[in-house]
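Asks: Here are the chains, one letter per residue:
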Amino acid sequence: MLLSFFQWCEGSGVGEAIRASTWLFPVIESLHLLGLAVIGGAILIVDLRLMGFGLRRQPVRQVAEYAQPWLIGSLIVMLASGSLLFTSEAIKCYYHDAFWMKMSSLSLAILFTFTVRRRVTRAPEDRIGPGWSRTVALVSLALWSGVGIGGRWIGFS
Amino acid sequence: MSLLAFCEWLANTPASIALHESTWAYPVIESVHVLTLCLFLGTAVMLDLRLVGIAMQKVPVSEIYERLLPWTIAGFAVMVISGALLFYGIPVRTYQNIFFRVKVVLLLLAGLNALVFHSTVYRKIAEWDREPVPPRRARISGALSLLFWTCIVIAGRMIAYNWFDKPA
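In order, the protein sequences belong to chains F and C. Counting from 3, one number per residue, gives the positions in the first sequence under this note's numbering. Counting from 24, one number per residue, gives the positions in the second sequence under this note's numbering.
Bear in mind the hints are in silico, worked out from the structure with no lab data behind them. We treat Cβ as the ideally placed atom computed from N, Cα and C, and that holds for glycine. No incorrect hints appear here.
FRET-style restraints, in silico, Cβ to Cβ: (1) F:121 / C:103: 34 to 40 Å; (2) C:93 / F:137: 19 to 25 Å; (3) C:85 / F:14: 49 to 55 Å; (4) F:137 / C:104: 29 to 35 Å.
Cβ-to-Cβ under 8 Å is the rule here; a few derived chain C residues that face chain F: (5) 62; (6) 66; (7) 82; (8) 87; (9) 176; (10) 180.
Examples of chain F residues toward chain C, derived with CB under 7 Å: (11) 36; (12) 39; (13) 42.
With the hints as extra help, turn the sequences into a complete structure.
Replies: Put into structure tokens, the structure is as follows:
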């Protein structure tokens, strides 16, 4: 069932066009990397702040608000460019552990970022203990690192 | 000794051969190089966006500079070390790769841009620290930095491809 969906992706016109072109894959991949830098920055400045580093003269809530549009924007770029890259080699991904590791981390990271982490960054600061803030930041960093490492590892086969 | 001869000499050092033939070391260093983009370029981009006047407008520029730049510099150190090792593992081919050469030139331009910013506009930071949109010269520095680093990332990625390599 799942495999046939992956096969359909790989056989689609988009997948074929990307495979047929010399430039398309590297260009989309570069876009994916540029998105990586921005999403990395948007996540890091908030997690660093939660741990008491970086922009600690600003309230957590404020830093999270500043980062939000860049996080959403870069996430959209990442999902769009990532889907295109996936389409061109869907069957390889299906049989690659790194791909499944990346997708699991990604689902958890998105879920965590937009539920727990969002609530913690928006809560009044005297209600959230430093230990709790630090834990949330570390979980966020661990999940997003999993996405990055898994992603890089898809390229090694 | 020409640069090429130097690269050939590098390529024949035992450590370079070991790195080149390693199963794990090379991919691990490559992964470190790519993922440190988040730390290095992620924080640099935030600073540049502030300079351009489109992010964190209420935070004084000097505060972002002081609080984020140590992280940018730490990330940069990792980038330089891992990047040098990647070069050291494959010196001759990398040296002859057009994208590598473009990347080196762009790195120098990005460095020059940072130096000019630091020794001119940033000296008068007190005058514009709290401006939501910094003066024109600071905005140009920020925009140039974003442009150079964008091109550096693209050129860096393309080094892996051999479209323009001379056949051995």
